[in-house]
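Undergrad: For the sequence shown, the residue numbers in this note's numbering are 117 to 604.
Take every hint as true, because none was put in to throw you off.
DSS-like, lysine-lysine: derived pairs with alpha carbons at most 27 Å apart: (1) K573 / K561; (2) K573 / K119; (3) K561 / K119.
Cβ-Cβ distance ranges computed for the label pairs, FRET-style: (4) E400 / Y367: 19 to 29 Å; (5) D158 / P566: 36 to 46 Å; (6) R591 / L544: 22 to 32 Å; (7) R591 / D158: 52 to 62 Å; (8) R541 / L590: 25 to 35 Å; (9) R396 / F480: 34 to 44 Å; (10) T527 / A153: 12 to 22 Å.
These are computed hints drawn from the structure, not numbers from a lab. For every residue, glycine included, the Cβ atom is placed at its ideal position computed from N, Cα and C.
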Amino acid sequence: MGKTLYLDCTNGISGDMTVAALLDAGANEARLRDALASLPVDGYEVRISRVKKAGIDCCDFDVVLDEAHENHDHDMAYLHGRDHDHGHCHDHDHACDHHHDHGGVHDYEHAHHHDHGHCHEGHACDHGHDHDHEHGHHHHHHEHRGPADIDAIIDAGQLAPQTRELAHRMVDVIAHAEAKAHAVPLDEVHFHEVGAVDSIVDIVAVAVCLDDLDVTRVIVPRLVDGTGTIRCQHGIIPVPVPATLNIVEAYGLPLSICDVEGELVTPTGAAIVAATEAERRLPERFHVVRTGLGAGKRTYERPSILRAMVIEELAADGAPAAAAPHGAFAGDLAAEPTLGADAPAEVVRLECDIDDATGEELAFAAERIREAGAREVHWVPVFAKKERPAWQLQVVVATPELGAVERAIFTHTTTIGIRRWTCARTVLAREDIEVASPWGPVRAKRATMPDGTRRVKPEFADCARIARTEGVALREVVERVVAAAPTV
Numbered sequence: 117m118g119k120t121l122y123l124d125c126t127n128g129i130s131g132d133m134t135v136a137a138l139l140d141a142g143a144n145e146a147r148l149r150d151a152l153a154s155l156p157v158d159g160y161e162v163r164i165s166r167v168k169k170a171g172i173d174c175c176d177f178d179v180v181l182d183e184a185h186e187n188h189d190h191d192m193a194y195l196h197g198r199d200h201d202h203g204h205c206h207d208h209d210h211a212c213d214h215h216h217d218h219g220g221v222h223d224y225e226h227a228h229h230h231d232h233g234h235c236h237e238g239h240a241c242d243h244g245h246d247h248d249h250e251h252g253h254h255h256h257h258h259e260h261r262g263p264a265d266i267d268a269i270i271d272a273g274q275l276a277p278q279t280r281e282l283a284h285r286m287v288d289v290i291a292h293a294e295a296k297a298h299a300v301p302l303d304e305v306h307f308h309e310v311g312a313v314d315s316i317v318d319i320v321a322v323a324v325c326l327d328d329l330d331v332t333r334v335i336v337p338r339l340v341d342g343t344g345t346i347r348c349q350h351g352i353i354p355v356p357v358p359a360t361l362n363i364v365e366a367y368g369l370p371l372s373i374c375d376v377e378g379e380l381v382t383p384t385g386a387a388i389v390a391a392t393e394a395e396r397r398l399p400e401r402f403h404v405v406r407t408g409l410g411a412g413k414r415t416y417e418r419p420s421i422l423r424a425m426v427i428e429e430l431a432a433d434g435a436p437a438a439a440a441p442h443g444a445f446a447g448d449l450a451a452e453p454t455l456g457a458d459a460p461a462e463v464v465r466l467e468c469d470i471d472d473a474t475g476e477e478l479a480f481a482a483e484r485i486r487e488a489g490a491r492e493v494h495w496v497p498v499f500a501k502k503e504r505p506a507w508q509l510q511v512v513v514a515t516p517e518l519g520a521v522e523r524a525i526f527t528h529t530t531t532i533g534i535r536r537w538t539c540a541r542t543v544l545a546r547e548d549i550e551v552a553s554p555w556g557p558v559r560a561k562r563a564t565m566p567d568g569t570r571r572v573k574p575e576f577a578d579c580a581r582i583a584r585t586e587g588v589a590l591r592e593v594v595e596r597v598v599a600a601a602p603t604v
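Construct the entire structure; sequences and hints are all you get.
TA: Quick look at the structure:
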């Protein structure tokens, strides 16, 4: 069961703000850095720090480009269309990268905090946020990347399957929005490499942090954007920018406009809300488990702060309500079955023998190893050297989490060596469903056999609760739930 995340977008939302808020809410920085380091993308470094916005302490997530990739344009008057030519324009074969606000790329996202550009005529116009740099820099032009190129980069990274899937969805949302804004086919949407680097980092970082926090349900009551204009390569465009409005329209996102001059909602920010299938309504009552504050890069009349809250919904009697099922981002629970995010065709098996640890130490180690990403952790009694009774640790892990799991084994056990081999496995397509039983809804998993037939396994905890409260035999509850489950 996953966690519920409430994003308070009253002051806007962008890629870098979201990553910062999730890190502040407890997402693991080391895991994020490992994931980003696995991507075949260079020319940047990630800086995570604390900053103050309106006197409030916030986390700041900053992707700093190296000299070869950097291009800063931070003249607010220019960006808002109140100034004249600063020598930023280029010929029509290149993007015009103007950094603004806290981020998103408008042509292929505005690249998060450097969220770049709302482009037209098929070219990226990257507007980034505001670092204190002069704005007369030369723009370095690199080869362009399209959505397929971005997807290939994501696939090349050592990412968990569910992380990779969410990142791909965000790319798809933005790419379609940009294609519509520029009236070009999807495969002709290209993003300037400088912007794409920032965009890729933001997109992947958001997906990694959501997975690390085990967030499977997101709630965003509304988006709040600003007013005014942003200068782009081919002229001055209005805020909200076309790509953001296209996402809002396509996914029915609730939007409000405030009187702040500036772009508060970037295409990346809107894509995060769309790709996570965010719900609109907050629970009437809930506990706040964790809070994170993510800072934007610009200074407006209202502070650019995204507030993220991990919440626990309360039932009418004050008891915790049922949590969101794992994998809820994938869509409706009754959707057609697939192998899914948690069913890789290959896994890695790790093994070592421990003969000098107490039962309490072994249990603690197993918990830490699972937290690091192991799919299965088993202790098997064996006889070790000199016929000593010992325990064999057997762990199953997907490749993206291999490094973290091995580090956890070395940290929390006394072993000095781990045996490792890759295992192929056959996995049935399966789906999470909810069965209407005589005692109310019961969660279950439905698997599809190779011949197309299906079998259902009810959630034990739900069945056990019914058996206790209703005074019914557990076997009867299970049999009736299976009988009531839909077979198509």
